[in-house]
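Chain residues, written in single-letter form:
6 protein chains.
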Amino acid sequence: MFDIIKGPKFITCEAEFEESSIVIFGAPFDGTTSFRPGTRFAPMTIRADSMGIETYSPYQEADLEDKKICDLGDLNFPFGNTKRVLKKISKMTNNILENGKKPFLLGGEHLVSLGVIEALAEKYSDLCVIHFDAHTDLREDYLGEKLSHASVIKRIWDILGDGRIFQFGIRSGTKEEFMFAKEHTHLNKFNASTLKEILPMLEGKKIYLTIDLDVLDPSIFPGTGTPEPGGMSFNKFLKSLLSLKELEFVGADIVELSPHYDQSGVSTAVACKVVREVLLML
Amino acid sequence: MFDIIKGPKFITCEAEFEESSIVIFGAPFDGTTSFRPGTRFAPMTIRADSMGIETYSPYQEADLEDKKICDLGDLNFPFGNTKRVLKKISKMTNNILENGKKPFLLGGEHLVSLGVIEALAEKYSDLCVIHFDAHTDLREDYLGEKLSHASVIKRIWDILGDGRIFQFGIRSGTKEEFMFAKEHTHLNKFNASTLKEILPMLEGKKIYLTIDLDVLDPSIFPGTGTPEPGGMSFNKFLKSLLSLKELEFVGADIVELSPHYDQSGVSTAVACKVVREVLLML
Amino acid sequence: MFDIIKGPKFITCEAEFEESSIVIFGAPFDGTTSFRPGTRFAPMTIRADSMGIETYSPYQEADLEDKKICDLGDLNFPFGNTKRVLKKISKMTNNILENGKKPFLLGGEHLVSLGVIEALAEKYSDLCVIHFDAHTDLREDYLGEKLSHASVIKRIWDILGDGRIFQFGIRSGTKEEFMFAKEHTHLNKFNASTLKEILPMLEGKKIYLTIDLDVLDPSIFPGTGTPEPGGMSFNKFLKSLLSLKELEFVGADIVELSPHYDQSGVSTAVACKVVREVLLML
Amino acid sequence: MFDIIKGPKFITCEAEFEESSIVIFGAPFDGTTSFRPGTRFAPMTIRADSMGIETYSPYQEADLEDKKICDLGDLNFPFGNTKRVLKKISKMTNNILENGKKPFLLGGEHLVSLGVIEALAEKYSDLCVIHFDAHTDLREDYLGEKLSHASVIKRIWDILGDGRIFQFGIRSGTKEEFMFAKEHTHLNKFNASTLKEILPMLEGKKIYLTIDLDVLDPSIFPGTGTPEPGGMSFNKFLKSLLSLKELEFVGADIVELSPHYDQSGVSTAVACKVVREVLLML
Amino acid sequence: MFDIIKGPKFITCEAEFEESSIVIFGAPFDGTTSFRPGTRFAPMTIRADSMGIETYSPYQEADLEDKKICDLGDLNFPFGNTKRVLKKISKMTNNILENGKKPFLLGGEHLVSLGVIEALAEKYSDLCVIHFDAHTDLREDYLGEKLSHASVIKRIWDILGDGRIFQFGIRSGTKEEFMFAKEHTHLNKFNASTLKEILPMLEGKKIYLTIDLDVLDPSIFPGTGTPEPGGMSFNKFLKSLLSLKELEFVGADIVELSPHYDQSGVSTAVACKVVREVLLML
Amino acid sequence: MFDIIKGPKFITCEAEFEESSIVIFGAPFDGTTSFRPGTRFAPMTIRADSMGIETYSPYQEADLEDKKICDLGDLNFPFGNTKRVLKKISKMTNNILENGKKPFLLGGEHLVSLGVIEALAEKYSDLCVIHFDAHTDLREDYLGEKLSHASVIKRIWDILGDGRIFQFGIRSGTKEEFMFAKEHTHLNKFNASTLKEILPMLEGKKIYLTIDLDVLDPSIFPGTGTPEPGGMSFNKFLKSLLSLKELEFVGADIVELSPHYDQSGVSTAVACKVVREVLLML
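Those sequence lines, one after another, are chains A, B, C, D, E and F.
In case it helps, this note's numbering puts the first sequence at residues 1 to 282.
In case it helps, this note's numbering puts the second sequence at residues 1 to 282.
In case it helps, this note's numbering puts the third sequence at residues 1 to 282.
In case it helps, this note's numbering puts the fourth sequence at residues 1 to 282.
In case it helps, this note's numbering puts the fifth sequence at residues 1 to 282.
In case it helps, this note's numbering puts the sixth sequence at residues 1 to 282.
Simulated from the structure, these hints should not be mistaken for lab results.
Note that the coordinates shown come from a computational prediction; the quantities given were computed from them, not determined experimentally.
Heads up, the beta-carbon is just placed ideally off N, CA and C, and yes, glycines get one too.
No farther apart than 25 angstroms at their CA atoms in a straight line, the calculated lysine-lysine pairs in the DSS-like style are these:
| hint | chain 1 | residue 1 | chain 2 | residue 2 |
| --- | --- | --- | --- | --- |
| 1 | F | Lys91 | F | Lys102 |
| 2 | A | Lys102 | A | Lys68 |
| 3 | F | Lys146 | C | Lys146 |
| 4 | F | Lys68 | F | Lys206 |
| 5 | C | Lys146 | F | Lys88 |
| 6 | C | Lys91 | C | Lys6 |
| 7 | F | Lys6 | F | Lys83 |
| 8 | E | Lys83 | D | Lys88 |
| 9 | B | Lys206 | B | Lys91 |
| 10 | A | Lys175 | C | Lys245 |
| 11 | A | Lys83 | B | Lys146 |
| 12 | B | Lys189 | D | Lys245 |
| 13 | C | Lys9 | B | Lys9 |
| 14 | F | Lys146 | C | Lys88 |
| 15 | C | Lys239 | A | Lys189 |
| 16 | F | Lys68 | E | Lys6 |
Counterexamples of contact, computed for chain A against chain C with all Cβ distances above 10 angstroms:
| hint | residue |
| --- | --- |
| 17 | Glu19 |
| 18 | Met51 |
| 19 | Asn95 |
| 20 | Lys101 |
| 21 | Ala121 |
| 22 | Lys123 |
So here's chain A without its partners, still in its complex pose (with noise of 0.2 angstroms):
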């Protein structure tokens, strides 16, 4: 039904489909990328380099081997054409969700995060998304286009409306994107020190959560697209991430490594080890 390429699996995460509670995919699609583009490579690499990270986390005192879960692989997209890319993504989350499994998606550039919202979205009215990225990702359309990883977060506003959209660690977007942010989400400037005021207001609710790496410092994640400089480091972002450990998950995705440009392999390393925290936290 869903065509499929196979690979290594992400560290652990051998178990079946059925018996599972999270299952991985990989969306490795970067069509609209505007700089640099290669983030199709980042879930095979994430994989393969997997084996290289524990599967106990100190951080959170917890094991992967303690849990079931499935990856599945990645989703075979065709090449130039974004629409169709989006509604698989959509229909292999329709797909999880109907097995009452949580779904956590490897991007890929950015715009894959709405595939999975679109589907989340008509299961959960109320949903709430929080954001991590150096990115608005506010811009109405980027040269005409609607559908770009810089318009992705208006898309879903698009379908969430105000008040349900937290972004964190913004560093970087148009004047017109930080004054549409004012009014319509919340936006903390440069890191996430609002964070534990906001907290009680996403209690209780459905949160899906979109980490763009982009939000660390490229110090410590270079291989990236749009590299911006002055981000979060990584102990300052894992502490905000695990703040959020209470939260009721309904999913998550983390996008935009693009492994080319990852000479050293220090920023596939880091996304290993966030795929594993959040792992450990769904």
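Place chains B, C, D, E and F on chain A using the hints.
Below, chains B, C, D, E and F without anything else, positioned relative to chain A:
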């Protein structure tokens, strides 16, 4: 009228549009690339590194400084919309043709040639295409998409029909593609050894030259999306190219340089020299 | 009159010379670099990659599009003749000053600052220099050569004398250099913690700002000739920089980006942002 | 029974063990590499990048899809214990032979061939070895160690004796090694020009084919531990290889790809094609 | 007596063996590395790049030129024989100790520390080890091998016993390793915040200092086999290091730099500075 | 007397100055390089990587171990002063000549040859130069500088005059340079096909051999400042070189390796082998 990105100009190609016989423009598009993207960076990188080559060709004993060539810059493309991209290329080609000049396209991926040929084929009913490439590019579609860099020659055949396409250096494709070629195109496997006998067929015709630089062996041209060992050496390719000198070219392109896979800069140096030699031939 | 190499312009800096208040020019010189050369490629790489940043600064809440800035291109230097290079820089600076504009120099290695200051010091008798750097640059000579990127601040001191040079972030030098600094310059080891107390001394003076980007920690700025661990983070550096905003700057430079040691492109992204922030401050 | 690391499979080699005539397994071992290590990454990188090649060979006019091949994955080796590694390889080879199938080994460094041949030589008393390599590999020991990638052919000679080893492309070794070869092996210096006259000697014999990919010139195969300029071109090597087609092969390996020295990916692309051609020959 | 590979010497460490108080030697061994090998290249790369740093430390206000240090070169190791390697290291350490000098080892992978400590523990019955690392290194074995860089601290514990090992910066390991540490070593997770309270316990003891450079965050130290995000910054690490200054060190090592994953050269620059600071402390 | 930087020695070249017939010294100078600098790193990189080649040449069936060669190290140059650099080279060459030995220079950029030839031409009035290169190097000046790597052969012609310079492999230059060569030097375009007929002219003369390694095709030698596709293969170049064996060489150099553009290390491996073969010929 045209949305153009300016940059450095290809060495000595600084004539005004009006006074030029050849017009260079870039098509920084890699939206259907099936393996490693990044050809979008080729036109600007070629221009920047063209400062490193001489304008004089000891092969043709001719100098670029003695020609009037205009380098317009790059077309500014939307990301993720293949059809709009091709339309922009056709429109620019028409503009150049209407002013009595010859187009010289810097790709981008190979699909961009389709935009140029759509315009040329309307003007020249006897148009023939000389095609250097490692790949047949004769798929009917790629994962359901008919507009793909892997099917561009098939799309061109849709326009031109049998006996008008001459392929050299081909060493990769499906069984079906090679079978199609047997009946519908002239295909020279591995090298250009049949060129001599074919030349008489091409005399007097209007010729478009499309050079997928991966026709060269990846030892000398590693910086491309899908490197195919077993290709032509630079010297053999150049000799084949120069043997075409007396034909009546109405346009040309070079495509598929992917600079971010060219750490040594050698692939770009190759591209610069091929551009120089083709410009001197046109 | 000036021998100029043209390229892309720094983003939005497309005003004509006459209408501009700031004039950017590049000094692609690395002739006295003692370890890894290649800063000659910095100005053009900064310009090309500036397309990847936004023109709007969320730090200063200001937009480059609202300023009139001219980017002239690079001076064309002879190779191997340091004195002629410095003379060309001084001459261009004089030209800019005579037209009532402020010079903004893109290096090149640090010695290029000397050419600018020679011109500025003639015009402004109270000129002070704010100097961000990892290195003291206070050697009397380097292997017998007095014109060296390791002795540029000493040469500037030769012109300006005691108490006019303010150095921040310094973490590398000989014992002699640190001893010299104690008596003749203000030197803040390791960071810019003394900046606040110094600011009052600088008010009302004409200030030249010279930023050797290796003041930043090599985690965020690896692309430089002599990386020195233990530097300032991007955020701390930016905060220090913006605290200077009310001073009266008469010119500025940024130097020592070496793009070929910046495989990830992050160092260039840093340089682009620093250029944007300084341009908005001038 | 076997400790296996799973990953992607070599393109189309997805048959079950039982139904296959050829069984691929990886030996990610580089423990005796004398210069640049890293061949441990070769088997998985070859599999992952095999997606980038066609299954159809225009050289042999045959398609991998028409064969039944099983790709088991990689043996999981201890680090730092050479003998245990070789034993694991022998055991797996025996397993494959006992089931009437042919082993195809993806190295790893060249020493891994010894494990296969130990098993094969027990089964086939007339076993001969065809050896493509830049190096003689005939040292008695390397810094006192008899089990070394620089002495693997000497160890194989210990088993097979005189006149059973045929070496091609050899261009590096000590004086002693070349002298030993004169008396005990057939050694073709620099190329494979003697292949034609040797073929008749090999007819009717059981042949093992071991290809150290550094036999290729480093222009086309830079990604190896000890690159040796002056090697065979891809086309000449392929022609030599295909001339062996009628021999009776009982197994084969390709070794010494070191992917982390293959930034352009071209060496891996070469390895993939060699694997395809050899699989089609077996 | 010792088989030594000579190269450049660490900057200013050109004293004769007899006149020196500290003796540097390299252990270019990476035979048990579990992920990315290549630390064998570290000692020579550190020496070569040491020319790029100053001999004067502005942190300690001391100069390497004022010390007598001998840099012997690298031990010449066999490949693939872990035990012989460790024996060679022990023998050299004994030689240094017998002459009343302190050993300073440049690794190589972390297992090499075992060779030094075997010799030191015989001489100093109260030997304690200060261990900076990202990893616990407390596995009983790795895939059956007890001599592994992942179990080196366990092997050292086998010699020293409880309460003699002090671990800082640890952020990766199995659940079992962390549990072992709770009972048998002092382990400071993530950073060195407990250092102050521990210092009194160490006073008067003989101390060996082993620095696995991956204790540093991979933003500043990407060039290592198993990068672990979330590490110490260079400044925090240096501060911790210098706080140990008054202890009585009897030897030290730095290990796990892997230069071929350090394209920018920054990791090597870090290693050089750490070597300088430790040499000034000994 | 000479300011020398020591490092590793070229493999086996460990004889004392007095007992040697050939003396190697390095000239780490790249001050007039017009495109990509970095040849300053060549001599030390060649020495370090020479450990990776055999001392025995299967081409000449001779072994470096049988010769007495002294490798002095690198001259320590000031940065930014071309004339002082050349003087230091001449002085060292004189020193070698006065002691009855032959100089072998490791560049550095091509201009360094001028320093050697200035000394040699004084001693040998009939000196001829055999010059392998991609470039004519016959410019009168480069942007006004007469001492440039692009005009080094012109400067040598100033000393030697007509008919004494023999150029091979040349494939890049201005029209003027090729015209000059027609009248004043022997220039073999593209390859060395005229070598055979020229050899008799050179018999009995004192010959200096200068090899700009960019004469090789950049497929096998990418690590150079100005790569020029279309060059000689390693095997053809070696064959040409060895055909000169009977001439009476009085010195030689190899220049223009730029190691930082040689990520795979292959260019350095080529340089090492060329050094070995030339040393065996001298």
